[in-house]
Amino acid sequence: GIQVEQSPPDLILQEGANSTLRCNFSDSVNNLQWFHQNPWGQLINLFYIPSGTKQNGRLSATTVATERYSLLYISSSQTTDSGVYFCAVESPSGTYKYIFGTGTRLKVLA
Amino acid sequence: SQTIHQWPATLVQPVGSPLSLECTVEGTSNPNLYWYRQAAGRGLQLLFYSVGIGQISSEVPQNLSASRPQDRQFILSSKKLLLSDSGFYLCAWREFGNEKLFFGSGTQLSVL
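If you read the protein sequences in the order shown, they are chains A and B. The letter at position 70 of the first sequence is residue 70 when you use my numbering, and the numbering goes up by one with no holes. The letter at position 16 of the second sequence is residue 16 when you use my numbering, and the numbering goes up by one with no holes.
Bear in mind the hints are in silico, worked out from the structure with no lab data behind them. Keep in mind that this is a model prediction, so the values were computed, not measured. Some hints here could point you the wrong way.
Calculated pairs, DSS-like style, for lysine-lysine (alpha carbon to alpha carbon, straight line, at most 27 Å) [as the list claims (entries may be wrong)]: (1) A:Lys97 / B:Lys100; (2) A:Lys97 / A:Lys54; (3) A:Lys54 / B:Lys100; (4) B:Lys79 / A:Lys97.
Chain B stretches covered by chain A per the calculated footprint, using a threshold of three residues with CB under 8 Å from any CB of chain A [unchecked claim]: (5) 46–56; (6) 94–106.
Heads up, the beta-carbon is just placed ideally off N, CA and C, and yes, glycines get one too.
Next comes chain B alone, as it looks inside the complex:
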């Protein structure tokens, strides 16, 4: 069966520090991969999505970037975090040919 792993669960980082969040999917090939962010008490904002290795689409111009070095690995990065980068980051995947979206357990990022 397919599973999605996202880590870490919580992260506290100082302003100006770098960021790397990792997401991996098991049990499937060539998934569509997504990064969403959720501010406290708000909805989900699509940040990046990828339909294949090295193919990244950015939805919101910001301080973040994404990479997909392997088929089932999706990484969210920042060179210098801002206070406004705080939030709940969720990775999601969708199997090729399947319309359903499945989410990881999320990373709560606090930038202080």
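The shape of chain A in the complex, shown without the other chains:
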């Protein structure tokens, strides 16, 4: 099945710093989403981005489907950005399955 790898696995930032999180996938995908899991376990949908670039406030994401990767940019990080960031992909076979990446654990220090 499709493999989804994220890097880095862990990241510690000082408040105000910028960061880039990467998601690599092993096969063509139909859909790709980025999620943030807060310290209480809740998963929040950040972006639905099978291709191209989107921005939402301090966050933006870019997916280059032909090269099988996606990037999540966090600018001017805040302590509330702490948590785990996941990308999830749906294979193109119409299976309706979303496979999650390994995650990046981010800690933003005040």
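Place chain B on chain A using the hints.
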């Protein structure tokens, strides 16, 4: 608007006891429904998904089963829990024709 309910929030069960976790979605029809499990400090593993009533696809052979008795209800069950069943269980839904996935608040299961 659509909402997803998942309960209970936490559960402590002895080894060998049965399990039933319930998830319901409101405000939509014919959603795709999913059960994921997350071990401590790890990623999300897809356990089951369903595209309609009575239609269940299993991703990982294990001690668990799922059922979808109604359009917007998804149940995760076990007849006899194992220690290895401990984890954070998340229900998710996806509206037909919409690619976004939305999650419930999760159930933290501890098997002792």
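Q | 27 Å Cα cutoff - pair A:Lys97, B:Lys100 | A | Distance ~12 Å between A:Lys97 and B:Lys100 Cα, so the pair holds.
**Q.** Hint consistency between A:Lys97 and A:Lys54 [alpha-carbon to alpha-carbon, up to 27 Å]
**A.** holds (23 Å)
Q) Would you say the stretch 46–56 of chain B counts as covered by chain A, given the rule of at least 3 residues with C-beta under 8 Å? A) holds (count 3)
Q) Are three or more residues of the stretch 94–106 of chain B within 8 Å, CB to CB, of chain A? A) holds (count 8)
Q) Between A:Lys54 and B:Lys100, is the straight-line Cα distance small enough, at 27 Å or below? A) holds (15 Å)
Q: Take the C-alpha atoms of B:Lys79 and A:Lys97, compute the straight-line distance between them, and say whether it is at most 27 Å.
A: The hint holds at about 26 Å.
Violated hints are absent here; each numbered hint is respected by the structure.
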